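Throw the hints in and build the complete structure from the sequences for me.
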Amino acid sequence: MDNTQTESSVAKSAIRKVSIRLVPFVALMFFINYLDRTAIGFAAPNGMNEDLALSAAQFGFASGVFFIGYIILEVPSNIALHRFGARRWLARIMVSWGIVALLFTWVQNFEQLVVLRFLLGVAEAGFFPGAILFLSLWVPAQYRGRILMLFYLAQPLTTVIGAPLAGALIQQHGIFFGLEGWRFMFLGVAIPAIVVGIIAWFYLKDKPADAKWLTSAEQVWLTDALESERKKTEATEKHVSVRFAFGSGRVWMLSFIYFGFIYGLYALAFFLPTIIDGFQEQSGVTYDVFQKGLITAVPYLPAAIVMYFWSRDAGKRGLKTWHIAAPAIAGAVSIPLALFAGSPVATMAVITVTACAIFAALPNFWTLPTQFLTGVAAAAGVALINTVGNLAGFSAPYITGAVHDWTGGYEVPMFIVGGFMLVSAILMIVLARSGRIRTADAQDAASTAPESTR
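FYI, the numbering for the sequence shown is 150 to 603, going by our numbering.
Just so you know, these hints were derived from the structure itself, not from any lab.
Keep in mind that a hint or two might mislead.
Here are the simulated distance ranges between beta carbons [stated by the list, open to error]:
(1) Ala490 to Val579: 30 to 36 Å
(2) Tyr547 to Pro493: 24 to 30 Å
(3) Ile248 to Ile221: 17 to 23 Å
(4) Gln207 to Gly568: 25 to 31 Å
(5) Gln440 to Phe325: 21 to 27 Å
Capping the alpha-carbon separation at 27 Å, the derived lysine-lysine pairs in DSSO-like fashion look like this [to be verified]:
(6) Lys161 to Lys356
(7) Lys380 to Lys465
(8) Lys381 to Lys465
(9) Lys161 to Lys381
(10) Lys354 to Lys381
(11) Lys166 to Lys361
(12) Lys381 to Lys166
(13) Lys469 to Lys381
(14) Lys161 to Lys380
(15) Lys166 to Lys356
(16) Lys380 to Lys166
(17) Lys161 to Lys469
(18) Lys354 to Lys380
For clarity, every value in this text was computed on a predicted model and none was experimentally measured.
Beta carbons are placed, not taken as given, at the ideal position from N, Cα and C, and that holds for glycine.
As structure tokens, this is what we get:
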């Protein structure tokens, strides 16, 4: 359907209801997921490392071991979601990780911390790609970027809201049966996962035909549009199996593109606390944990706003290659520049550009896999892409730290981050120009090219 074509009243109503009824709830799940995953970063400098007698190396290992269990079970979990239904599987994932997250409240030593972090990765495996797949199965491709953008708003807002919230919970030292503040914080972020997971079992529906909050006409329109897309994809791609997804050059290319973005995202999260500590040294002041949370949130509110308008533009114009490649280039240039900004305000401004760049690209990126994947192939392909991205989450802190120790500074590590994001931009341009991914500018170029060059 042409993006300029007037939408029918049924289509508008159906998409609006999905946006209101499903997206905020799944975004809330994502908010809780990201907060539970990153809670250890708030706890470490606020009593946990001292109480558990953790060295820097032990904390780094405990943080990273999460991704081992997550990566191992990411693809199997998403295939299980396809088999058992998103409603049941997403609810199961939430309750499982909520129970594991709750146990962090009573962790006593390094060994227990490592076991729980590994189990948290196992429990959370499949949630993010499962949520992406779930929402993709509810809306036709034309509206997918808008829906995924609304969902993805939860990630930057997790830092905007979550960092000060975690700081506020940590400050409640001894308020609940004498628990240390960092233990109370783990308790406070774990219980919502269990509660929302139970609600999800009853609230979510697997497909439009099951949604009583849609009219019959809206159910028919969504079902027919999604079925038509599925048949078209299967007719074009011929094979839509797990083997097809794992053997697809496009899936692997998208995986490497995503790796660069996630490497930048985790490097940013890793680098920002160091910058804030530097601010304290420069200004001669000391921030408490709540103030640090507020400063950490600064780049992410503009990032959420930019992501909204950037994705909205992609929806109006049609997704173009530069909607993904341009932010990657902006991130590649800005993240090393943060080292040379010269003042706290200038540094935060550059870091804000980096955050805006990364978050502007991600919702648009996730519309690409389901252009050519459907059924179990979509479940496996989306999970594989996210798995490769999470390898960046595992490797970015270690590479950054190792290169810092080797060179004595953060200059080289940040140029490495910029290099990965530049590679993502180049790969995106190559993939679009090859014609193997449908972007509006590539399609326009193909339609106007001489017959002999097509």
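Hint by hint, here is what the structure shows:
1. Ala490 to Val579: 30 to 36 Å: 32 Å Cβ-Cβ, so the 30 to 36 Å window holds.
2. Tyr547 to Pro493: 24 to 30 Å: holds (28 Å)
3. Ile248 to Ile221: 17 to 23 Å: With a Cβ separation near 20 Å, Ile248 and Ile221 satisfy 17 to 23 Å, so the hint holds.
4. Gln207 to Gly568: 25 to 31 Å: Given range 25 to 31 Å: holds, Cβ gap about 30 Å.
5. Gln440 to Phe325: 21 to 27 Å: holds (23 Å)
6. Lys161 to Lys356: Satisfied, since the Cα-Cα distance of roughly 18 Å is no more than 27 Å.
7. Lys380 to Lys465: holds (26 Å)
8. Lys381 to Lys465: The hint holds at about 23 Å.
9. Lys161 to Lys381: Roughly 23 Å separates the two Cα atoms, so the pair holds.
10. Lys354 to Lys381: Holds, at about 25 Å.
11. Lys166 to Lys361: Distance ~11 Å between Lys166 and Lys361 Cα, so the pair holds.
12. Lys381 to Lys166: holds (26 Å)
13. Lys469 to Lys381: holds (22 Å)
14. Lys161 to Lys380: holds (23 Å)
15. Lys166 to Lys356: Judged against 27 Å, a Cα distance of about 13 Å means the pair holds.
16. Lys380 to Lys166: holds (25 Å)
17. Lys161 to Lys469: holds (23 Å)
18. Lys354 to Lys380: The given pair, whose Cα atoms are some 22 Å apart, holds under the 27 Å limit.
Checked against the numbered hints given earlier, this structure breaks none of them.
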